[in-house]
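**Q** Under this note's numbering, the first residue of the sequence shown carries the number 1, and numbering increases by one thereafter.
For the record, the hints were derived by calculation from the structure and aren't laboratory data.
Don't take every hint at face value.
Claimed, not checked - Okay, derived cross-link-like pairs now, DSSO-like style, lysine-lysine, Cα gap no bigger than 27 Å in a straight line: (1) Lys210 x Lys247; (2) Lys119 x Lys231; (3) Lys367 x Lys28; (4) Lys210 x Lys235; (5) Lys46 x Lys102; (6) Lys210 x Lys243; (7) Lys162 x Lys119; (8) Lys90 x Lys36; (9) Lys245 x Lys231; (10) Lys172 x Lys162; (11) Lys41 x Lys367; (12) Lys46 x Lys119; (13) Lys231 x Lys162; (14) Lys23 x Lys367; (15) Lys231 x Lys247; (16) Lys245 x Lys210; (17) Lys245 x Lys41; (18) Lys122 x Lys172; (19) Lys102 x Lys90.
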Amino acid sequence: DQWEISYRVFLLSITLVVAIVKKFEIEKNSRLKFAKDMRAKNQSRKMFCVLEYMMPYHVVGPMLADPGAVIAEEINQVSIMFILITEFDKFTREKTPTELLKFLNDQFTQYDDICNQNKVTKIETVGEEYVAAVGVLPSDIEDNTRFGHSFLLDRLLLAGGKILGCQTADVKLKIGIHTGPIVAGVIGTKLPRYRLFGDTINSAARMMQKGVPGVCQFGVETHGELSETIKAQVKERGEVEMKGKGKIMAYTYVAPSEDKKPQKKEGNESAPLGPSTSSKSAALLRKALPKVLLMAKAKKAIMDSVSQGAVAVDSEQEKRFEEALRVAHKTDEDEEKKYWFLSERAGFSPEMEEEWRVSFHENAVLKNIEQRLAFLCILLLLISGLELQCLIRWHVWRYPHSLYSPSMRWPVFIYTR
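Could you put the whole structure together from the sequences, leaning on the hints where they help?
**A** Written as structure tokens, this is what we have:
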């Protein structure tokens with residue numbers, strides 16, 4: 001009757017409303033979680049961008065995953081290059097602190113660019129010394145296994161030759177290279193540093209100290225790993241006396257000459273500072289230089305990530321950082337006060353919307369789909385078995401059917417399964 005129909009329509013409407021509300025809550029929570037994950041991902045990317053300037057990328061992940069854990073590895077074969085700006089004390093006497101730091105920053109920035117172009121890993125800067133290496137990254141170790149160490153060493157010498165091309169009449173460089181095993185790892189929890197340890201790095205430093213300005217100098221170990229193309233450009237210097245090593249056979253390499261870009265001279269280059277900026281001032285500047293350069297690069301990395309639209313996220317481990325971000329960014333609760341219906345859509349760009357749909361499809365629709373389908377198959381088998389038992393027990397094929405003949409009951413049963 002009419003009341004029964006109205007009652008059933010009412011129940012179906014209630015069921016439909018409950019399903020819509022449930023779907024709305026699922027989508028709302030999914031969007032909020034997705035937005036939070038995106039903020040966390042962007043913040044991690046920004047942190048990674050900063051840490052990349054402090055150490056090689058392959059140790060950043062283990063540092064973030066387990067802070068305070070010892071990160072160390074032994075590498076069988078690496079080549080280390082030391083670069084020294086000769087007569088650096090002259091620059092400390094002639095330049096103001098600002099000019100000196102700008103001079104060193106300009107020099108080391110050129111070396112950074114050349115190393116990046118030739119896939120050479122920068123290790124550190126110590127005063128007027130610049131340290132780089134090949135063979136420490138996982139990709140370098142793989143290339144060393146596949147193609148031999150000469151493949152990496154050619155890149156290092158090519159970078160060294162280009163760095164020598166940055167010399168001017170006033171700036172002269174010494175370069176020392178050595179090849180051998182090394183122990184690499186991260187030292188310190190505050191201002192951590194990626195460092196290399198072993199006789200190889202000591203030998204590379206001595207090759208630099210005993211080197212000749214304007215050339216790359218290395219020993220027998222490095223010479224034996226060179227490719228034939230590079231060996232044709234190498235000259236034998238002869239035996240060189242080195243501290244703790246005795247006399248060692250040394251070789252020199254000068255890259256083929258290329259057109260050099262003229263380098264502008266700094267203003268006030270010859271203005272003396274007087275006795276107050278002697279060796280003590282130079283020592284202080286050498287200690288402060290790596291931190292100044294690091295802070296400048298870290299600041300540039302943060303500004304670049306912000307300019308690219310990276311969204312910051314509240315940090316659970318640092319409350320002061322969370323308080324600073326609270327002023328610059330609105331929280332999810334503030335957004336919900338402005339929009340009562342699907343407020344989490346506010347700020348979703350078309351790209352984020354598409355990423356969310358893919359994420360929702362993978363994490364909600366397809367989540368445990370194999371177990372769900374298996375459960376449905378088992379349930380279908382149980383129901384089919386129960387129905388089959390009823391068919392056989394009551395001989396239903398003997399009774400007439402309004403749509404088809406009784407003989408069609410078995411084909412219909414099998415077909416609907």
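**Q** Take the hints in turn and mark each one as holding or not.
**A** Each hint tested on the structure:
no. : hint            : result
1   : Lys210 x Lys247 : 11 Å, holds
2   : Lys119 x Lys231 : 21 Å, holds
3   : Lys367 x Lys28  : 18 Å, holds
4   : Lys210 x Lys235 : 16 Å, holds
5   : Lys46 x Lys102  : 26 Å, holds
6   : Lys210 x Lys243 : 10 Å, holds
7   : Lys162 x Lys119 : 13 Å, holds
8   : Lys90 x Lys36   : 54 Å, violated
9   : Lys245 x Lys231 : 24 Å, holds
10  : Lys172 x Lys162 : 13 Å, holds
11  : Lys41 x Lys367  : 22 Å, holds
12  : Lys46 x Lys119  : 22 Å, holds
13  : Lys231 x Lys162 : 17 Å, holds
14  : Lys23 x Lys367  : 16 Å, holds
15  : Lys231 x Lys247 : 22 Å, holds
16  : Lys245 x Lys210 : 12 Å, holds
17  : Lys245 x Lys41  : 50 Å, violated
18  : Lys122 x Lys172 : 20 Å, holds
19  : Lys102 x Lys90  : 15 Å, holds
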